[in-house]
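Number of protein chains: 2
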Amino acid sequence: MAGLRSLYKDEAEPGLKSNFDVDYVIHYKIPTQDTEKAEAEAAFIQLIKALSTVGFATEVRNGGKSSLLVFTKIASDKLLNNQVYRSRLQDWLYGVRIHAPNQDVNKYFEDEPVSEAERLRLAYLLITKPRNEGGAGINPKTGQWKNVSSIFPLHDHNFNRQWIQQWSKKYYLEEGDITQIRDRFGERVAFYFAFLQAYFSFLLFPAAFGFAAWLLLGQFSWFYAIVNCLWSVVFFEHWKTKETDLAVQWGVRGVSKIQHPRPQFQFEREAQDPVTGEAIRVYSPFKRLARQMLQVPFALACASVLGGLIVSCFAIEIFITEVYTGPFKQYLTFLPTILLTIFMPTLQTLLTQLAERLTALENYETHDAHQASFVQKIFVLNFITSYTPIFLTAFIYVPFGKILVPYLDIFQLTAQKFTAQGKPLPTKSWEINPDRLTKQVIYFTVTAQIVNFATEVIVPYVKRKVFKAVEEVSEKKNGNGDALKQQDLPEEADFLSRVRNEAELDVYDVTVDYREMVIQFGYLSLFSVIWPLTACSFLVNNWVEARSDAMKIAISSQRPIPWRADSIGPWLNALGFLSWLGSLTSAAIVFLFNSSKQDGSPWDISAWGLLLSILFAEHIYLVVQIVVRNVIAKLDSPGLQKERAQRFQMRKQLLEQTFGAN
Amino acid sequence: MAGLRSLYKDEAEPGLKSNFDVDYVIHYKIPTQDTEKAEAEAAFIQLIKALSTVGFATEVRNGGKSSLLVFTKIASDKLLNNQVYRSRLQDWLYGVRIHAPNQDVNKYFEDEPVSEAERLRLAYLLITKPRNEGGAGINPKTGQWKNVSSIFPLHDHNFNRQWIQQWSKKYYLEEGDITQIRDRFGERVAFYFAFLQAYFSFLLFPAAFGFAAWLLLGQFSWFYAIVNCLWSVVFFEHWKTKETDLAVQWGVRGVSKIQHPRPQFQFEREAQDPVTGEAIRVYSPFKRLARQMLQVPFALACASVLGGLIVSCFAIEIFITEVYTGPFKQYLTFLPTILLTIFMPTLQTLLTQLAERLTALENYETHDAHQASFVQKIFVLNFITSYTPIFLTAFIYVPFGKILVPYLDIFQLTAQKFTAQGKPLPTKSWEINPDRLTKQVIYFTVTAQIVNFATEVIVPYVKRKVFKAVEEVSEKKNGNGDALKQQDLPEEADFLSRVRNEAELDVYDVTVDYREMVIQFGYLSLFSVIWPLTACSFLVNNWVEARSDAMKIAISSQRPIPWRADSIGPWLNALGFLSWLGSLTSAAIVFLFNSSKQDGSPWDISAWGLLLSILFAEHIYLVVQIVVRNVIAKLDSPGLQKERAQRFQMRKQLLEQTFGAN
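Going line by line, the protein sequences match chains E and D. Residues in the first sequence are numbered from 1 upward in steps of one, following the working numbering. Residues in the second sequence are numbered from 1 upward in steps of one, following the working numbering.
Just so you know, the hints here were simulated from the structure itself, not pulled from any lab data. Be careful, since some hints might not be right.
Straight-line Cα separation of at most 25 angstroms, BS3-like style, residue types lysine-lysine; simulated pairs [what the hints assert, rightly or not]:
1. E:Lys240 <-> D:Lys240
2. E:Lys78 <-> D:Lys652
3. D:Lys477 <-> D:Lys29
4. D:Lys634 <-> E:Lys377
5. D:Lys78 <-> E:Lys652
6. D:Lys463 <-> D:Lys552
7. E:Lys242 <-> D:Lys257
8. E:Lys257 <-> E:Lys129
9. D:Lys257 <-> E:Lys634
10. E:Lys65 <-> E:Lys476
11. D:Lys240 <-> E:Lys634
12. D:Lys240 <-> E:Lys257
13. E:Lys65 <-> E:Lys463
14. E:Lys141 <-> E:Lys49
15. D:Lys465 <-> D:Lys29
16. D:Lys257 <-> E:Lys642
17. D:Lys634 <-> E:Lys240
18. E:Lys257 <-> D:Lys242
19. D:Lys257 <-> E:Lys652
20. D:Lys377 <-> D:Lys141
21. D:Lys129 <-> D:Lys257
22. D:Lys257 <-> E:Lys257
23. D:Lys439 <-> D:Lys402
24. E:Lys257 <-> D:Lys634
25. E:Lys107 <-> E:Lys652
26. D:Lys257 <-> E:Lys240
27. D:Lys377 <-> D:Lys257
28. E:Lys634 <-> D:Lys287
29. E:Lys552 <-> E:Lys17
30. D:Lys49 <-> D:Lys141
31. E:Lys465 <-> E:Lys476
32. D:Lys642 <-> E:Lys257
33. D:Lys129 <-> E:Lys652
34. D:Lys377 <-> E:Lys634
35. E:Lys287 <-> D:Lys634
36. D:Lys652 <-> E:Lys129
37. E:Lys257 <-> D:Lys652
Using the sequences and the accompanying hints, generate a full structural model.
Following this line, the structure appears as structure tokens:
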């Protein structure tokens, strides 16, 4: 970590100090083929024209590797203020803001200054909005702009340095820390950190209780299961309120109603909007429904492909570790892990691409609808890969192992064919290994989290360092890099080299981080009754997670575009689903394993007992949920209270004005 | 019916023709004891003063039987218009109305005239609102006004006559018919008729399908059960949309936010409202919660008292009809019915009073909260009395009868003590009677509905006629009645005698009618798989129900105060609950009885099969509910569309104004 932070030593890179008031950088690739070059150059001129028409000042510099960097900035304060005013007026009309913007513009901007996030968001909208709505209509990698590889704001490295330093010294993040994020990176990113922080605080309880339960109650305790379910209900319902609360506090409640159209949307026909009377672009909802139906085969495909892989590896593993005693056992043990490591990421990547394709095929009008549909598919994918192994062990291997394992002889028969003598392979008599379940849960909740951290933070960092080194060596060889640097004006050189770096960075995708947290919550809700220390592991992990995510944004990603949001969006449903499912799995696990502790084999279970406990647990869960929801609704949230107070003030004022005037 | 309608022959009662522009009649009882008389007279003077202070013109007449009738009318059009304007302005500020009232008052009232319901509602509010809010603060039967026995508007008998005549000739009520109700009796009553009508239309499908199922599938068909559940989901979700739709159309969407304080509310202390900064009256929510907790023992008491009675009668009935063969069997058969007829209404009345007391004890600030809490208790009460007998037969008597019936010997032993010889009573060997269940369902869905209609409409009518006759006879004897009539001015005499009649009528309580319909829906959802013709019976019943309810309002009740409402309120939850429970009971009944058709006894059931089918059915139900909800949400409702269009127009106008002004 110290090594990472050295990036931010003052003397390290002089180019980090200032952004020269640049709002956005447009990275424009110039194709190497001559045929395309002319077209690209024409489009580039169009680009500059489009930008200056809507009021951007532009400067072009060499971007290296046959690309250009266009530095843009909203040319006049008046244009900016006009944009802000329009946007806030729209907010007011949609009910997002309570007060209409003051007519006296100068005083208004003194009272409610424009945050950096707001300026950058509006600048981005100005660049990307369609021309008929007053924008420049530039969308990366689409149509005319296929050579625009990215449009990104520049990091404020002074802020980033301070941010990382502050957070790495703090045990606990406060509201102010989140608000800081919001002002720089917009509400969408801020909501992620707010969620992470709320989740972290809520983890304190199950961590402490889980530790106590681990000491006193042991595994498979029904008491732990009940408390854990209760906790997840309270957390879920609390977050829903907290979310609204934050949205009100940040003045974004209801922004999800203001939708941004997806430029990729293809319409079938134009029609008149029954509401606004304006011409709108329509895509048949039945066609979309038909395409959405493809989600069912998609889910089945995911389940069979990924599930098949997992089941096969699982079977091989059991055969090798618990039945097989022949030669090379010590090497063969690694076979399933190797198979998984090779095939799993490949399959996942393929299926994610498929999910992207499917979502694009569903052809949504708006970004949010597109994103929600994509998140749904990703959740299905991750649900299968993350939880299937434990489900298999808990509900197939342990109860039905005695029936199923003998069928694993198929491996033996297959293997025999390849042995020269055709002799039967040596095997041992077999017993169900009930520790397997616990080991698996520990693997997923501790080891996998650490591995995940490594792949997320350390690997990209090392990779980039290595690439950089290789690049520098090759550039030195060709003399290219120095040439580029020598072309730059000396006062810009450091800055430009830094911007060229940022242009190469990944785009930060908050979905990935949400996914990680939601899947983690799932382990806690579904399986922590197997190993009550789960929450302790997550508590430590999430402390690090918040910091490493901050670092990821600050160092290894382009600065995110500061979108607004009024909730964590589609992930909320995923959380609710996992919390509900937790009541079922916990009840089933407790019933299966708690009663069977004595003889070590839960085979002699009564099906009706199992079903009754699931039925019971689920209904208690649903009742508790209703009760908690009502209690939380009764406790007034400060955000909603503030909103009501503001609305009341406005009403009172209006009433006084009207009846004074009468 | 023809006899009832004769009430409305033109020549029948000349006093019905006009209301002399009276808004409300206040019925003031004068106590007969001299000590109280003076106090009552002083309060009466206060009453007249209070009324004239807020702007009512009053006329006092003799009400007969030591009471006075105060006829009130809003004195000036200006006052009325002012009230309407204020109320509409408040609506706009609370977001109920989309457009602010026009400043030009005269033109405004031409564009949006005041309906009768609106005028009467505002007049009532003016009479009852606390003084500090500009009302006269007169609430019947409370504090200073304990002698005010009722405040009621006068029926518009011309309208009523037309209404009843129209409806009795129509097969199907249309939207216009409901709107008519709304303009006269307010949205709360109109919502009941709208619900009844929507339910009636939706019943057409299960009636037709049920008839077909009865012919082709027989009883206990799983296919019928699935279709029935699906139907109930669709109906429930459709009604939720329809409700919003109507609320928008009637311009009352969100009026439930504008709460009327309950005058009986007792506060502990005054505090400052965090929202408005005004002084508000506070009652500790913890104390209220503690009192709400009393609902649990209340529900248990209901269950044990009513359940005990039902179980006892059930046991006696089985013993007598199916085991006992001794003397007086033909008379003893009626014993359980007699016991039920005597004890059930008494117990129900007692428990309803207890529920009222409990709700009053919970001390709610607003009418709506009070009403919702009361409805909850009434629902529990009715749930137990209505469904316990069938639950007993389906889930106790048939499956466990062979074990339990032998214990009924206790009756035999008890009876032996009373027989002179102490000989064992003659009994017969016993078989479970599976037809019992069907017979019971038919009883509750046909016979009970008819009985209910009789007690609701015919009995009160006959009772009133008889009372009236008795009264007239006794008055003729004393010469009182004639004296009263002779005191009246001849041109008022008919009118006054009619008003004296209306003063004696019951207050119309829409809760009673809702309860009836919701409980009926419950039979359909929970048990119609036992007898698929259920919906046919209900279809006929509800056609009559709508007309008889109309008649009840028009003839046997005081004209209801035209309150507003934006939904059917707490009954919605009851509907949802019954619809959900239906998925469970239907699955259980089909599982228990369908497989057992061959041998007539479902005793050899497997518990896990039963549980699995319930679990399955419930989850399918929940999934279907989510799907239906999403589909219905996608189908744009005309009401919401209209609202959005209006909002958009308003926004556009405002934007144009602002940017035009800029």
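Checking against the hints above, which ones are violated?
none
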